[in-house]
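Novice: Model the full assembly from the supplied sequences, consistent with the hints where possible.
Quick note on the working numbering: the sequence shown kicks off at 38 and runs consecutively.
These are calculated hints, taken from the structure and not from any lab test.
Cβ atoms here follow ideal geometry from the backbone N, Cα and C, with glycine treated the same way.
A couple of the hints might just be wrong.
Restraint-style ranges between C-beta atoms, simulated for each label pair [stated by the list, open to error]:
#, residue 1, residue 2, range
1, S311, L165, 43 to 49 Å
2, Q299, P275, 15 to 21 Å
3, L179, S259, 41 to 47 Å
4, E180, A224, 53 to 59 Å
5, E304, E180, 50 to 56 Å
6, R164, G263, 34 to 40 Å
7, G260, A208, 37 to 43 Å
8, G260, L117, 49 to 55 Å
9, P275, L165, 46 to 52 Å
Result set (PhoX-like, lysine-lysine): computed pairs, CA atoms no more than 25 Å apart in a straight line [said to hold, decoys possible]:
#, residue 1, residue 2
10, K163, K315
11, K169, K283
12, K277, K288
13, K303, K264
14, K169, K222
15, K303, K325
16, K171, K283
17, K196, K325
18, K325, K271
19, K315, K283
20, K196, K271
21, K277, K303
22, K288, K163
23, K315, K171
24, K196, K169
25, K270, K222
26, K303, K271
27, K288, K169
28, K315, K325
29, K271, K222
30, K264, K222
31, K163, K264
32, K222, K196
33, K283, K196
34, K264, K277
35, K171, K196
36, K277, K222
37, K222, K283
38, K270, K325
39, K264, K315
40, K325, K288
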Amino acid sequence: MSDDDTPGRPEDTPGRGEQERKASAPGGPEARPAGEAEGPEDAGGTRRDSAPEPPAEPPLTGRQRLVKGLWPPRFTRAQLTVALLLCVLGLGLAIQVRSNSESSVLRGARQEDLVRILDELDNRTKRLEDEKRKLEGQRTELESSSNQAAEARKQTAQKEQQLGILAGTVAAQGPGIVLTVSDGKGAVEPDMLLDTVQELRAAGAEAIQLNDVRVAADTYFSGGAGKVEIDGKKVSQPYKFKVIGKPDDLKPALNIPGGVVQTLQKEQAGVDISRSEKIVVDALRPAKRPDYARSSSR
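Specialist: What follows is the structure, encoded as C-alpha coordinates:
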(Lines of atoms letter the chains of each structure in order from A; the text may use other names.)
(Lines give C-alpha, C1' and ligand atoms only; values in the text may rest on other atoms or scores of the structure.)
Protein backbone atom coordinates (compact mmCIF):
# COMPACT_ATOMS: atom_id res chain seq x y z
CA MET A 38 0.00 0.00 0.00
CA SER A 39 1.38 3.37 -0.96
CA ASP A 40 1.59 6.46 1.20
CA ASP A 41 -1.14 8.18 -0.80
CA ASP A 42 -3.66 5.58 0.28
CA THR A 43 -2.96 5.91 4.02
CA PRO A 44 -6.11 7.14 5.80
CA GLY A 45 -6.14 9.94 8.44
CA ARG A 46 -3.88 12.38 6.66
CA PRO A 47 -4.77 16.00 7.18
CA GLU A 48 -5.12 16.62 3.51
CA ASP A 49 -7.74 13.89 3.20
CA THR A 50 -9.98 15.14 6.06
CA PRO A 51 -13.24 16.36 4.52
CA GLY A 52 -13.72 20.14 4.75
CA ARG A 53 -10.34 20.67 6.42
CA GLY A 54 -8.87 22.69 3.63
CA GLU A 55 -11.99 24.71 3.15
CA GLN A 56 -12.06 25.68 6.86
CA GLU A 57 -8.44 26.76 6.74
CA ARG A 58 -9.11 28.88 3.68
CA LYS A 59 -12.04 30.57 5.44
CA ALA A 60 -9.96 31.21 8.51
CA SER A 61 -7.28 32.89 6.48
CA ALA A 62 -9.73 34.93 4.43
CA PRO A 63 -9.78 38.73 4.93
CA GLY A 64 -13.36 38.66 6.33
CA GLY A 65 -12.75 35.72 8.66
CA PRO A 66 -12.53 35.72 12.45
CA GLU A 67 -8.80 36.18 12.45
CA ALA A 68 -9.04 39.22 10.20
CA ARG A 69 -11.31 41.21 12.76
CA PRO A 70 -9.68 44.53 13.59
CA ALA A 71 -7.99 44.81 16.95
CA GLY A 72 -10.11 46.21 19.75
CA GLU A 73 -13.44 45.52 18.01
CA ALA A 74 -15.85 43.89 20.39
CA GLU A 75 -17.54 40.80 19.32
CA GLY A 76 -21.29 40.72 19.33
CA PRO A 77 -23.10 38.51 21.82
CA GLU A 78 -24.04 35.08 20.83
CA ASP A 79 -27.66 34.21 20.26
CA ALA A 80 -29.30 30.95 21.21
CA GLY A 81 -27.99 29.22 18.07
CA GLY A 82 -24.40 30.12 18.78
CA THR A 83 -24.13 32.84 16.15
CA ARG A 84 -22.91 36.31 17.19
CA ARG A 85 -24.90 39.53 16.76
CA ASP A 86 -23.38 42.90 16.14
CA SER A 87 -23.53 45.42 19.14
CA ALA A 88 -26.46 47.98 19.27
CA PRO A 89 -25.77 51.40 17.69
CA GLU A 90 -25.15 54.36 20.05
CA PRO A 91 -28.07 56.89 20.42
CA PRO A 92 -27.64 60.15 18.49
CA ALA A 93 -26.33 63.11 20.52
CA GLU A 94 -28.87 65.86 21.50
CA PRO A 95 -28.58 69.11 19.60
CA PRO A 96 -27.09 72.02 21.62
CA LEU A 97 -29.57 74.47 23.28
CA THR A 98 -29.97 77.97 21.92
CA GLY A 99 -29.51 81.07 24.08
CA ARG A 100 -33.26 81.61 24.49
CA GLN A 101 -33.81 77.97 25.46
CA ARG A 102 -31.04 78.18 28.08
CA LEU A 103 -32.62 81.38 29.48
CA VAL A 104 -36.09 79.79 29.71
CA LYS A 105 -34.63 76.68 31.32
CA GLY A 106 -32.86 78.81 33.91
CA LEU A 107 -35.94 80.87 34.78
CA TRP A 108 -38.66 78.22 34.79
CA PRO A 109 -39.63 76.59 37.02
CA PRO A 110 -38.81 79.44 39.42
CA ARG A 111 -36.62 78.65 42.37
CA PHE A 112 -36.78 81.12 45.28
CA THR A 113 -34.48 81.28 48.23
CA ARG A 114 -35.34 82.60 51.67
CA ALA A 115 -33.27 85.74 51.03
CA GLN A 116 -35.18 86.49 47.82
CA LEU A 117 -38.55 86.09 49.57
CA THR A 118 -37.42 88.44 52.35
CA VAL A 119 -36.32 91.09 49.85
CA ALA A 120 -39.63 90.78 47.96
CA LEU A 121 -41.61 91.26 51.18
CA LEU A 122 -39.60 94.35 52.10
CA LEU A 123 -40.15 95.82 48.65
CA CYS A 124 -43.92 95.27 48.94
CA VAL A 125 -43.99 97.05 52.30
CA LEU A 126 -41.95 99.92 50.90
CA GLY A 127 -44.26 100.26 47.88
CA LEU A 128 -47.33 100.30 50.11
CA GLY A 129 -45.82 103.05 52.25
CA LEU A 130 -44.99 105.14 49.19
CA ALA A 131 -48.54 104.74 47.84
CA ILE A 132 -50.04 105.91 51.14
CA GLN A 133 -47.67 108.88 51.24
CA VAL A 134 -48.53 109.92 47.68
CA ARG A 135 -52.25 109.64 48.40
CA SER A 136 -52.00 111.76 51.53
CA ASN A 137 -50.01 114.39 49.64
CA SER A 138 -52.61 114.52 46.86
CA GLU A 139 -55.44 114.96 49.37
CA SER A 140 -53.70 117.91 51.01
CA SER A 141 -52.75 119.53 47.69
CA VAL A 142 -55.92 121.65 47.81
CA LEU A 143 -54.85 123.27 51.06
CA ARG A 144 -51.27 123.73 49.84
CA GLY A 145 -52.45 125.68 46.84
CA ALA A 146 -54.99 127.75 48.75
CA ARG A 147 -54.55 131.45 49.31
CA GLN A 148 -54.00 132.97 52.71
CA GLU A 149 -57.56 134.32 52.82
CA ASP A 150 -58.93 130.85 52.10
CA LEU A 151 -56.82 129.29 54.84
CA VAL A 152 -58.05 131.89 57.30
CA ARG A 153 -61.64 131.09 56.31
CA ILE A 154 -61.05 127.37 56.84
CA LEU A 155 -59.59 128.02 60.28
CA ASP A 156 -62.58 130.18 61.15
CA GLU A 157 -64.91 127.37 60.10
CA LEU A 158 -63.06 124.91 62.32
CA ASP A 159 -63.22 127.35 65.22
CA ASN A 160 -66.97 127.77 64.70
CA ARG A 161 -67.50 124.01 64.76
CA THR A 162 -65.48 123.73 67.93
CA LYS A 163 -67.54 126.51 69.49
CA ARG A 164 -70.82 124.79 68.55
CA LEU A 165 -69.67 121.57 70.17
CA GLU A 166 -68.65 123.42 73.32
CA ASP A 167 -72.05 125.17 73.45
CA GLU A 168 -73.79 121.83 73.10
CA LYS A 169 -71.67 120.43 75.90
CA ARG A 170 -72.51 123.35 78.21
CA LYS A 171 -76.21 122.98 77.40
CA LEU A 172 -76.20 119.31 78.31
CA GLU A 173 -74.29 120.00 81.50
CA GLY A 174 -76.87 122.68 82.40
CA GLN A 175 -79.71 120.24 81.90
CA ARG A 176 -78.00 117.73 84.15
CA THR A 177 -77.51 120.41 86.82
CA GLU A 178 -81.18 121.39 86.66
CA LEU A 179 -82.25 117.80 87.08
CA GLU A 180 -79.97 117.31 90.05
CA SER A 181 -80.85 120.60 91.82
CA SER A 182 -84.56 120.87 91.04
CA SER A 183 -86.94 120.36 93.96
CA ASN A 184 -89.43 118.66 91.68
CA GLN A 185 -87.20 116.44 89.59
CA ALA A 186 -90.12 114.60 88.00
CA ALA A 187 -91.63 117.80 86.59
CA GLU A 188 -88.22 118.98 85.34
CA ALA A 189 -87.60 115.63 83.72
CA ARG A 190 -90.95 115.78 81.92
CA LYS A 191 -90.16 119.30 80.71
CA GLN A 192 -86.79 118.31 79.31
CA THR A 193 -88.29 115.19 77.78
CA ALA A 194 -90.87 117.26 75.89
CA GLN A 195 -88.15 119.59 74.64
CA LYS A 196 -86.03 116.66 73.55
CA GLU A 197 -88.99 115.12 71.78
CA GLN A 198 -89.53 118.36 69.85
CA GLN A 199 -85.87 118.48 68.85
CA LEU A 200 -85.81 114.87 67.74
CA GLY A 201 -89.00 115.41 65.75
CA ILE A 202 -87.34 118.26 63.87
CA LEU A 203 -84.27 116.17 63.16
CA ALA A 204 -86.38 113.20 62.04
CA GLY A 205 -88.50 115.43 59.79
CA THR A 206 -91.83 114.60 61.44
CA VAL A 207 -92.34 118.11 62.82
CA ALA A 208 -92.37 121.43 60.95
CA ALA A 209 -89.77 124.02 61.94
CA GLN A 210 -88.93 127.66 61.40
CA GLY A 211 -86.02 129.90 62.25
CA PRO A 212 -83.04 131.78 60.78
CA GLY A 213 -81.01 130.21 58.04
CA ILE A 214 -80.15 130.34 54.35
CA VAL A 215 -81.70 129.47 51.00
CA LEU A 216 -79.35 127.74 48.54
CA THR A 217 -80.53 127.62 44.92
CA VAL A 218 -78.68 125.47 42.38
CA SER A 219 -79.64 125.92 38.72
CA ASP A 220 -78.52 123.09 36.44
CA GLY A 221 -79.35 124.19 32.90
CA LYS A 222 -76.97 121.64 31.31
CA GLY A 223 -78.07 118.73 33.47
CA ALA A 224 -74.57 118.04 34.77
CA VAL A 225 -75.24 117.95 38.51
CA GLU A 226 -74.93 114.42 39.87
CA PRO A 227 -76.86 113.07 42.89
CA ASP A 228 -73.65 112.69 44.88
CA MET A 229 -73.01 116.43 44.54
CA LEU A 230 -76.33 117.19 46.21
CA LEU A 231 -75.54 114.63 48.89
CA ASP A 232 -72.19 116.33 49.54
CA THR A 233 -74.09 119.60 49.92
CA VAL A 234 -76.38 118.10 52.54
CA GLN A 235 -73.45 116.63 54.46
CA GLU A 236 -71.58 119.93 54.40
CA LEU A 237 -74.65 121.75 55.72
CA ARG A 238 -75.08 119.21 58.51
CA ALA A 239 -71.43 119.55 59.47
CA ALA A 240 -71.92 123.33 59.64
CA GLY A 241 -74.77 122.98 62.14
CA ALA A 242 -77.92 122.75 60.01
CA GLU A 243 -80.88 121.66 62.15
CA ALA A 244 -83.51 121.21 59.42
CA ILE A 245 -83.10 120.85 55.64
CA GLN A 246 -85.71 120.77 52.89
CA LEU A 247 -84.82 120.19 49.23
CA ASN A 248 -87.61 121.37 46.96
CA ASP A 249 -90.63 119.62 48.53
CA VAL A 250 -88.73 116.75 50.19
CA ARG A 251 -87.69 116.81 53.85
CA VAL A 252 -84.11 115.63 54.30
CA ALA A 253 -83.53 113.39 57.30
CA ALA A 254 -81.00 110.83 58.47
CA ASP A 255 -82.37 108.04 56.25
CA THR A 256 -82.70 110.16 53.10
CA TYR A 257 -80.99 108.70 50.03
CA PHE A 258 -80.12 110.14 46.61
CA SER A 259 -80.28 108.15 43.39
CA GLY A 260 -80.67 108.63 39.63
CA GLY A 261 -78.20 110.34 37.33
CA ALA A 262 -77.10 113.72 36.06
CA GLY A 263 -80.17 115.85 35.41
CA LYS A 264 -82.44 113.07 36.74
CA VAL A 265 -81.94 113.22 40.48
CA GLU A 266 -84.25 111.24 42.76
CA ILE A 267 -84.61 111.70 46.51
CA ASP A 268 -86.08 108.79 48.43
CA GLY A 269 -87.25 107.41 45.08
CA LYS A 270 -89.04 110.66 44.15
CA LYS A 271 -87.83 112.61 41.14
CA VAL A 272 -86.97 116.26 41.78
CA SER A 273 -86.50 118.83 39.05
CA GLN A 274 -84.06 121.71 38.91
CA PRO A 275 -83.49 124.32 40.10
CA TYR A 276 -82.66 122.59 43.35
CA LYS A 277 -83.74 124.79 46.25
CA PHE A 278 -82.35 124.06 49.71
CA LYS A 279 -84.11 125.65 52.68
CA VAL A 280 -81.83 125.30 55.66
CA ILE A 281 -82.41 126.34 59.26
CA GLY A 282 -79.28 127.12 61.22
CA LYS A 283 -76.83 129.89 61.99
CA PRO A 284 -76.27 131.79 58.71
CA ASP A 285 -72.78 132.90 59.72
CA ASP A 286 -71.76 129.24 59.93
CA LEU A 287 -73.71 127.80 56.99
CA LYS A 288 -72.67 130.22 54.25
CA PRO A 289 -68.88 130.11 54.85
CA ALA A 290 -69.00 126.31 55.03
CA LEU A 291 -70.31 126.16 51.46
CA ASN A 292 -67.68 128.60 50.13
CA ILE A 293 -64.53 126.94 51.44
CA PRO A 294 -61.85 126.17 48.80
CA GLY A 295 -62.69 122.93 47.01
CA GLY A 296 -66.08 122.88 48.69
CA VAL A 297 -69.64 122.67 47.46
CA VAL A 298 -69.83 125.95 45.58
CA GLN A 299 -66.60 125.43 43.63
CA THR A 300 -67.57 121.86 42.77
CA LEU A 301 -70.94 122.93 41.39
CA GLN A 302 -69.44 125.84 39.49
CA LYS A 303 -66.99 123.49 37.78
CA GLU A 304 -70.03 121.76 36.30
CA GLN A 305 -71.24 125.21 35.09
CA ALA A 306 -74.13 125.17 37.52
CA GLY A 307 -75.47 128.42 38.93
CA VAL A 308 -75.25 128.82 42.72
CA ASP A 309 -77.07 131.47 44.75
CA ILE A 310 -77.00 131.77 48.56
CA SER A 311 -79.30 134.17 50.41
CA ARG A 312 -79.69 134.70 54.15
CA SER A 313 -83.02 134.99 55.90
CA GLU A 314 -84.15 135.47 59.48
CA LYS A 315 -87.17 133.24 58.98
CA ILE A 316 -86.92 130.02 57.05
CA VAL A 317 -89.99 127.77 57.12
CA VAL A 318 -89.42 124.05 56.66
CA ASP A 319 -92.87 122.49 56.38
CA ALA A 320 -92.28 119.32 54.36
CA LEU A 321 -92.87 116.34 56.66
CA ARG A 322 -91.88 112.73 56.70
CA PRO A 323 -94.21 110.03 58.02
CA ALA A 324 -93.31 108.78 61.45
CA LYS A 325 -92.25 105.15 61.28
CA ARG A 326 -93.16 102.81 64.08
CA PRO A 327 -90.36 100.36 64.85
CA ASP A 328 -91.14 96.73 64.19
CA TYR A 329 -88.97 95.19 66.91
CA ALA A 330 -87.59 97.93 69.17
CA ARG A 331 -89.49 98.67 72.38
CA SER A 332 -88.75 101.14 75.14
CA SER A 333 -86.84 99.61 78.01
CA SER A 334 -87.85 102.30 80.54
CA ARG A 335 -90.35 101.39 83.26
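Novice: All hints are to be evaluated individually against the structure, with a verdict given for each.
Specialist: We went through each hint and held it up to the structure:
1. S311 x L165: 43 to 49 Å: 27 Å Cβ-Cβ, so the 43 to 49 Å window is violated.
2. Q299 x P275: 15 to 21 Å: 19 Å, holds
3. L179 x S259: 41 to 47 Å: 44 Å, holds
4. E180 x A224: 53 to 59 Å: Distance hint for E180, A224 holds at roughly 56 Å.
5. E304 x E180: 50 to 56 Å: With a Cβ separation near 54 Å, E304 and E180 satisfy 50 to 56 Å, so the hint holds.
6. R164 x G263: 34 to 40 Å: 35 Å, holds
7. G260 x A208: 37 to 43 Å: 27 Å, violated
8. G260 x L117: 49 to 55 Å: Distance hint for G260, L117 holds at roughly 50 Å.
9. P275 x L165: 46 to 52 Å: Violated - the Cβ-Cβ distance for P275 and L165, about 33 Å, lies outside 46 to 52 Å.
10. K163 x K315: Holds, at about 23 Å.
11. K169 x K283: Roughly 18 Å separates the two Cα atoms, so the pair holds.
12. K277 x K288: Holds: K277 and K288 sit about 15 Å apart, inside 25 Å.
13. K303 x K264: 19 Å, holds
14. K169 x K222: Distance ~45 Å between K169 and K222 Cα, so the pair is violated.
15. K303 x K325: 39 Å, violated
16. K171 x K283: The hint holds at about 17 Å.
17. K196 x K325: Measuring from Cα to Cα gives roughly 18 Å; hence the hint holds.
18. K325 x K271: 22 Å, holds
19. K315 x K283: Holds. K315 to K283 sits at ~11 Å (cutoff 25 Å).
20. K196 x K271: Violated, because 33 Å separates the two Cα atoms, which is more than 25 Å.
21. K277 x K303: 19 Å, holds
22. K288 x K163: 16 Å, holds
23. K315 x K171: Given that 25 Å is the threshold and the Cα spacing comes to 24 Å, the pair holds.
24. K196 x K169: 15 Å, holds
25. K270 x K222: 21 Å, holds
26. K303 x K271: Given that 25 Å is the threshold and the Cα spacing comes to 24 Å, the pair holds.
27. K288 x K169: 24 Å, holds
28. K315 x K325: 29 Å, violated
29. K271 x K222: 17 Å, holds
30. K264 x K222: Given that 25 Å is the threshold and the Cα spacing comes to 12 Å, the pair holds.
31. K163 x K264: Outside the cut-off at roughly 38 Å; violated.
32. K222 x K196: Status violated; Cα separation ~43 Å.
33. K283 x K196: Holds, at roughly 20 Å.
34. K264 x K277: Holds, at roughly 15 Å.
35. K171 x K196: With a Cα-Cα distance of about 12 Å, the restraint between K171 and K196 holds, given a limit of 25 Å.
36. K277 x K222: Holds, at roughly 17 Å.
37. K222 x K283: Violated, because 32 Å separates the two Cα atoms, which is more than 25 Å.
38. K270 x K325: 18 Å, holds
39. K264 x K315: 30 Å, violated
40. K325 x K288: 33 Å, violated
In this structure, the hints that do not hold are numbers 1, 7, 9, 14, 15, 20, 28, 31, 32, 37, 39 and 40, in rising order.
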